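Participant: Taken in order, these protein sequences are the chains called F and B. Under our numbering, the letters of the first sequence match residues 21 to 455, in that order. Under our numbering, the letters of the second sequence match residues 21 to 455, in that order.
In short, the hints are calculated from the structure, not lab data. Just so you know, these numbers come straight off a predicted model, no measurement behind them. Do not rely on the hints blindly, as some may be mistaken.
Note: identical chains are not told apart, hence a pair may lie in one copy or across any two.
Said to hold, decoys possible - Capping the alpha-carbon separation at 20 Å, the derived lysine to any residue pairs in SDA-like fashion look like this:
| hint | residue 1 | residue 2 |
| --- | --- | --- |
| 1 | K141 | G31 |
| 2 | K276 | F334 |
| 3 | K336 | L244 |
| 4 | K405 | G158 |
| 5 | K333 | V251 |
| 6 | K337 | E390 |
There are 2 protein chains.
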Amino acid sequence: MADVLAKMMSGFPEWLPAAKRQEKRILDIVAKVYESYGFTPIETAAVEKVKSLATTGDVSKEIFGIHRLAGEGENKKAEFGLHFDLTLPTARYTADNFAKLQFPFKRYQIQKVWRGERPQKGRYREFYQADIDVIGDGTLPLHYEAEVVQVIYDIFTQLNIGEFTVKINNRKLLEGLYRQQDVDDMNATLIIVDKIDKIGKDEVVRLLIKSGLSIEQSTFCAELAEKKFSVSQALEFIQELDTSDELLAAAQNELKTIFDNLSHLPDGAVIFDLSIARGLDYYTGSVYECVINGLESYGSVCSGGRYDNLAEKFSKKKLPGVGLSIGISRLLYLLFENGRLDTLAPTPVQTYVVLFDESQRPKANKMATEMRANGINVEVAPSVKKFGKQIQFAEKRGAKFIVIPEQDREDQMKNLETGDQEDFSVEKMRGFLSS
Amino acid sequence: MADVLAKMMSGFPEWLPAAKRQEKRILDIVAKVYESYGFTPIETAAVEKVKSLATTGDVSKEIFGIHRLAGEGENKKAEFGLHFDLTLPTARYTADNFAKLQFPFKRYQIQKVWRGERPQKGRYREFYQADIDVIGDGTLPLHYEAEVVQVIYDIFTQLNIGEFTVKINNRKLLEGLYRQQDVDDMNATLIIVDKIDKIGKDEVVRLLIKSGLSIEQSTFCAELAEKKFSVSQALEFIQELDTSDELLAAAQNELKTIFDNLSHLPDGAVIFDLSIARGLDYYTGSVYECVINGLESYGSVCSGGRYDNLAEKFSKKKLPGVGLSIGISRLLYLLFENGRLDTLAPTPVQTYVVLFDESQRPKANKMATEMRANGINVEVAPSVKKFGKQIQFAEKRGAKFIVIPEQDREDQMKNLETGDQEDFSVEKMRGFLSS
Numbered sequence: 021m022a023d024v025l026a027k028m029m030s031g032f033p034e035w036l037p038a039a040k041r042q043e044k045r046i047l048d049i050v051a052k053v054y055e056s057y058g059f060t061p062i063e064t065a066a067v068e069k070v071k072s073l074a075t076t077g078d079v080s081k082e083i084f085g086i087h088r089l090a091g092e093g094e095n096k097k098a099e100f101g102l103h104f105d106l107t108l109p110t111a112r113y114t115a116d117n118f119a120k121l122q123f124p125f126k127r128y129q130i131q132k133v134w135r136g137e138r139p140q141k142g143r144y145r146e147f148y149q150a151d152i153d154v155i156g157d158g159t160l161p162l163h164y165e166a167e168v169v170q171v172i173y174d175i176f177t178q179l180n181i182g183e184f185t186v187k188i189n190n191r192k193l194l195e196g197l198y199r200q201q202d203v204d205d206m207n208a209t210l211i212i213v214d215k216i217d218k219i220g221k222d223e224v225v226r227l228l229i230k231s232g233l234s235i236e237q238s239t240f241c242a243e244l245a246e247k248k249f250s251v252s253q254a255l256e257f258i259q260e261l262d263t264s265d266e267l268l269a270a271a272q273n274e275l276k277t278i279f280d281n282l283s284h285l286p287d288g289a290v291i292f293d294l295s296i297a298r299g300l301d302y303y304t305g306s307v308y309e310c311v312i313n314g315l316e317s318y319g320s321v322c323s324g325g326r327y328d329n330l331a332e333k334f335s336k337k338k339l340p341g342v343g344l345s346i347g348i349s350r351l352l353y354l355l356f357e358n359g360r361l362d363t364l365a366p367t368p369v370q371t372y373v374v375l376f377d378e379s380q381r382p383k384a385n386k387m388a389t390e391m392r393a394n395g396i397n398v399e400v401a402p403s404v405k406k407f408g409k410q411i412q413f414a415e416k417r418g419a420k421f422i423v424i425p426e427q428d429r430e431d432q433m434k435n436l437e438t439g440d441q442e443d444f445s446v447e448k449m450r451g452f453l454s455s
Numbered sequence: 021m022a023d024v025l026a027k028m029m030s031g032f033p034e035w036l037p038a039a040k041r042q043e044k045r046i047l048d049i050v051a052k053v054y055e056s057y058g059f060t061p062i063e064t065a066a067v068e069k070v071k072s073l074a075t076t077g078d079v080s081k082e083i084f085g086i087h088r089l090a091g092e093g094e095n096k097k098a099e100f101g102l103h104f105d106l107t108l109p110t111a112r113y114t115a116d117n118f119a120k121l122q123f124p125f126k127r128y129q130i131q132k133v134w135r136g137e138r139p140q141k142g143r144y145r146e147f148y149q150a151d152i153d154v155i156g157d158g159t160l161p162l163h164y165e166a167e168v169v170q171v172i173y174d175i176f177t178q179l180n181i182g183e184f185t186v187k188i189n190n191r192k193l194l195e196g197l198y199r200q201q202d203v204d205d206m207n208a209t210l211i212i213v214d215k216i217d218k219i220g221k222d223e224v225v226r227l228l229i230k231s232g233l234s235i236e237q238s239t240f241c242a243e244l245a246e247k248k249f250s251v252s253q254a255l256e257f258i259q260e261l262d263t264s265d266e267l268l269a270a271a272q273n274e275l276k277t278i279f280d281n282l283s284h285l286p287d288g289a290v291i292f293d294l295s296i297a298r299g300l301d302y303y304t305g306s307v308y309e310c311v312i313n314g315l316e317s318y319g320s321v322c323s324g325g326r327y328d329n330l331a332e333k334f335s336k337k338k339l340p341g342v343g344l345s346i347g348i349s350r351l352l353y354l355l356f357e358n359g360r361l362d363t364l365a366p367t368p369v370q371t372y373v374v375l376f377d378e379s380q381r382p383k384a385n386k387m388a389t390e391m392r393a394n395g396i397n398v399e400v401a402p403s404v405k406k407f408g409k410q411i412q413f414a415e416k417r418g419a420k421f422i423v424i425p426e427q428d429r430e431d432q433m434k435n436l437e438t439g440d441q442e443d444f445s446v447e448k449m450r451g452f453l454s455s
């Protein structure tokens, strides 16, 4: 693994500058793609009331509470806690500001979240999430489910980190098919089949039997979870569903809308994977996961789905939605860890102005100002040193050019990659840097 | 004040989307200017060890400690607290990672910080800071002090929020001049004169006398604090200093370097203001503040200065530095409050594709995809509605264009500002949007 992590407190990752620049590049791409679909940024407080946070099942164990240290004698019962995801804050924000928002409310949110879980490699206590949701007032058209998958596709294409696969499934489909086999405990079954990629079919069958299913039921569910289809195969499969079952009829309609809208994507980018069952807490329809090909063992790097009512804890209004969440810190970790991503230069310096005499600094500054006004990142030599030393320093900073102010002839610029030297001109340099 | 604040918890501001987009615009400009000087981004954990935080004098009262809620029986003595500024984290980061960093280390850091102080208008418990520092290994050339002021100038120029003034002073200068008047308690005196813009000269004299200075000493200090000079006047003033005093000799050298390097800035952008004495904790030389003209009563929106040793708490190495800090949340608040800044459109949508029939959606999506590939933010109609309703909706989203997919003739585009309608072309639209 490249040297990317600064010395850090356990679970609180800090990147070295060359890695942080890569994180920033990725966050910028993600935000840009989100905005290209009209998602608007919001940012919520890092804290929520503990009574809001603590009702969300398992995760509540992991909440960091906060309290003012000054109040030594004060009641230490924390009223506020750090948010552990961006979904609950968005639900609260949407309910609180309902009258001031436009629906469908398409928001994105890129923030740190905090969880008190045991830190492991790539599993942090503090990490970046980058989420979108489309939230409807009362109803939400199905085509937004395809849009969310399209957003995932655009982002992972633009990140340029190798091939990836978006897996799609539908909770109503699984529940409908299970029901036809008289499986009662849907959630317990979904939790087990969701593990099939990690533990294999035989182990899934064993666990299902242990959970109370018959051999026939267990085999059915495990074999179903093994099915993976291309988009065209998926359309065939859902065509044959028994739509006298209302859940299956709904699933057919939902999946058809998604796959119809995604049929233009390249083969293999999207698959229909009947093992995906995630999001037991609030997902109610289609669900998605994205894995990096070759890094499947790390699990999904992005996931999402459709829910019937995002803000039911905060509002009587029905606010259905569809969203996705990218775990940026974890993604970055596994890309660095597996050599899928290089660090960038340790600074954004593109051009370095050499100084042979401190009296040239005003001229050097003037040249730097002109370049900055033209969108070029420039550093002027910290101090006068020998030419070779300055070139070394410029290269370490990551500069592509050095500029040499001259007295008796045209100022010079030198391309540090090709070695070419020529008369200085901002326009030429801009051309080289943008090519 | 425009409607900018979402319903929020006291002291934890949340902007409505149209205001959050403005905050993002400002943060992007700030980052871009920082990078244009070669500052590289770092980001540190939101938490620091309480034992690091709690030794920094007054602020320690305001620290939010964090602890895991799950450990009900656990020791509630918080080991970690949320950082209250970005200076201490940078000092710790620089010391921890000394061997992996290049010096001068020019880093920027844009993050939230948290303080448990009583919330007031524009004074928050959670707010964004955007900082830079140049940190040297052992020594740091004086020209970086001018660079920091130049960065302030570039940022406030690019923000385009009206005129502003950067005030410069030097702690060594004040201490040298006070010493010549036999003033003993430097810090107490500096704290009082720093208030002169708010409380006036007479009150400063009264407080100085109360603090133990003679009438003559008090009058001298107050009259000194009233002095404000242009750059050329400043250069004259410091030329006349008694440089047999080593503090005054150092001040003269430091100020001359700064003002020489800033002499190209427009008249009035930078002034030499002898009342500025801020940063008693660690500033040791030049200090800066920036105020928005006409909003001086709000105090400075940006401040910084030179310090001898940033990381003395964390390292035996001498790491002198110069830096600045912009309180973004407060700046935003006062710009909105005073009508100096408008909110943006509530979404980043530039173009809206109209739908008259759901069967046109695939075509509309294809057109949207082409526009997105060309850097245009596009939303396709959520559902089929009457033309007028769709135009209204597009305008509410902030779209500049609508696009109308056609069946039997060329697709159309309509400029919502001018009403002009013509055949659709991505290139033409790009041209209009970028002009």
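Participant: Hint by hint, note whether the structure agrees.
Facilitator: Results of checking the hints against the structure:
1. K141 <-> G31: within (9 Å within a copy, 35 Å between copies)
2. K276 <-> F334: Neither. Shortest intra-copy (32 Å) and inter-copy (60 Å) distances fail the 20 Å Cα cut-off.
3. K336 <-> L244: Result: close neither inside a copy nor across copies, 37 Å intra and 64 Å inter.
4. K405 <-> G158: Close across copies (17 Å), not inside one copy (68 Å); limit 20 Å.
5. K333 <-> V251: neither (36 Å within a copy, 60 Å between copies)
6. K337 <-> E390: The answer is neither: 55 Å in one copy and 36 Å across copies each exceed 20 Å.
Going down the numbered hints, you'll see the structure goes against 2, 3, 5, 6, while the others check out.
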